[in-house]
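All chains should be modelled from the sequences, with the hints used to inform the complete structure.
Protein chains in written order, with our numbering: chain A, 1 to 161; chain B, 1 to 260.
Check before you lean on any hint, since a few could be wrong.
[Stated by the list, open to error] Pairs of lysine to aspartate or glutamate residues, derived as EDC-like cross-links and limited to a Cα-Cα distance of at most 16 Å, are as follows: (1) A:Lys27 x B:Asp193; (2) A:Lys64 x A:Asp108; (3) A:Lys27 x B:Asp190; (4) A:Lys64 x A:Glu87.
In short, the hints are calculated from the structure, not lab data.
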Amino acid sequence: MSKKQIETLVGLFVLLGMLAIVLLALKAANLASFSFNTTYPLLARFDNVGGLKVNAPVKSAGVKVGRVASITFDSKNFQGLVTMDIEREYQFPTDSSAKILTAGLLGDQYVGLEPGADDKNLQPGDTIKMVQSAVVLENLIGQFLYNKAAEPPSKEGSGQK
Amino acid sequence: MSEFVTSLGHWALATLATLGHATAFFVDLVRNSPQSLRRPYLTTAQVHAIGNRSLIIIAASGGTVGLVLALQGYITLSRYGAAESLGLLVALALVREMGPVITALLYAGRAGTSLTAEIGLMKAGEQLAAMEMMAVDPRVRVLAPRFVAGIISMPLLGAIFSAVGVIAAYVVGVLMIGIDSGAFWSQMQDGVDVFKDLGNGVVKTIVFGVATTFIALYIGYESEATPEGVAQATTQTVVVSSLSVLSLDFVLTALMFSTP
Numbered sequence: 001m002s003k004k005q006i007e008t009l010v011g012l013f014v015l016l017g018m019l020a021i022v023l024l025a026l027k028a029a030n031l032a033s034f035s036f037n038t039t040y041p042l043l044a045r046f047d048n049v050g051g052l053k054v055n056a057p058v059k060s061a062g063v064k065v066g067r068v069a070s071i072t073f074d075s076k077n078f079q080g081l082v083t084m085d086i087e088r089e090y091q092f093p094t095d096s097s098a099k100i101l102t103a104g105l106l107g108d109q110y111v112g113l114e115p116g117a118d119d120k121n122l123q124p125g126d127t128i129k130m131v132q133s134a135v136v137l138e139n140l141i142g143q144f145l146y147n148k149a150a151e152p153p154s155k156e157g158s159g160q161k
Numbered sequence: 001m002s003e004f005v006t007s008l009g010h011w012a013l014a015t016l017a018t019l020g021h022a023t024a025f026f027v028d029l030v031r032n033s034p035q036s037l038r039r040p041y042l043t044t045a046q047v048h049a050i051g052n053r054s055l056i057i058i059a060a061s062g063g064t065v066g067l068v069l070a071l072q073g074y075i076t077l078s079r080y081g082a083a084e085s086l087g088l089l090v091a092l093a094l095v096r097e098m099g100p101v102i103t104a105l106l107y108a109g110r111a112g113t114s115l116t117a118e119i120g121l122m123k124a125g126e127q128l129a130a131m132e133m134m135a136v137d138p139r140v141r142v143l144a145p146r147f148v149a150g151i152i153s154m155p156l157l158g159a160i161f162s163a164v165g166v167i168a169a170y171v172v173g174v175l176m177i178g179i180d181s182g183a184f185w186s187q188m189q190d191g192v193d194v195f196k197d198l199g200n201g202v203v204k205t206i207v208f209g210v211a212t213t214f215i216a217l218y219i220g221y222e223s224e225a226t227p228e229g230v231a232q233a234t235t236q237t238v239v240v241s242s243l244s245v246l247s248l249d250f251v252l253t254a255l256m257f258s259t260p
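Written as structure tokens, this is what we have:
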């Protein structure tokens, strides 16, 4: 093979390889919706973070506005401290509330932000004051059984399960 | 008994000596690579021999692995009603693990053995010694271009493997089985991260390329100058390359993907 032919074939090969990488990045991965926006951190303290994981989405009105950056235990007031990275283009009023919700019935958990009505916005590093912890299934079941047992006596005994 | 202990010590020292010699060889390769890029046609010709010629086997294997992954994945996922996640399953499996590892194993078998045999026979035919006599550094002229060509080819081959695999999975899942095409791609795009999954996969292919090419070149360089020696060297290349690819894969996966 002549030198020219070999170089053309190698060029085609490199082109094909790069095309494969770009195809994978766009079609298989999330490069198309990747935002290079900078983020700012917001904190929230929950009594129970439930099954919330790092990198869980933070959604407001159902649209993803950020990600959970870290979950640590605050040993001063024995609460879970969740640090969220919110995209800089979204600002929330200082009286916004954060709830830990579940996607679907038994799906992954995420943080839902509901905006308040204040004029001033949360600054980077601020703590969200109004929070609602995750719903723990065992507590719900315990509550339900306790209520069942406290009904007018059609059967005695505490709930068994 | 004492002969056993003596031979054990002898073997241990010989292994250490081999490791040291191999490290010196590797440092030599890296040191001579920039110089060899002054004649880019050398590297280009090697990329043609290593990369282009491996394209058919890599693409065909990628296609069949994608097909099989899609079929098996569908059977298992539909048991839990999660058949729409097929795209996510196949893409993650290919991009994170199977793409880099299977490409590296095939590459070691195809390109690694050809490199070993070529270098071994060049050494046996005293071509490398003749080059040295003419004040042409064989490491710059012969060895380093092949090393650089391997590092260039492996990521490209790995990406082609994964891409063809994903397309083959699409053919099976959407066109043949009938999963919803929108769910196929959107679940995949949601779950595969560009930097964490695809980027780590590319890093893996680069590491595997360095390892397999280096091992092939070293074993070829140190092979005996006989037909049996070359035959044994090619077998050794495949075995050592495969084992090191799999061990490196474990180390890299633990580094990249384990949650703290």
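Status of the hints after comparison with the structure:
Taking the CA atoms of A:Lys27 and B:Asp193, the gap is near 11 Å; set against the 16 Å cutoff, the hint holds. Restraint check for A:Lys64 and A:Asp108: satisfied, since their Cα atoms lie roughly 14 Å apart, inside the 16 Å limit. With a CA separation close to 10 Å, the supplied pair A:Lys27 and B:Asp190 stays within the 16 Å bound. Taking the CA atoms of A:Lys64 and A:Glu87, the gap is about 9 Å. The hint holds against a cut of 16 Å.
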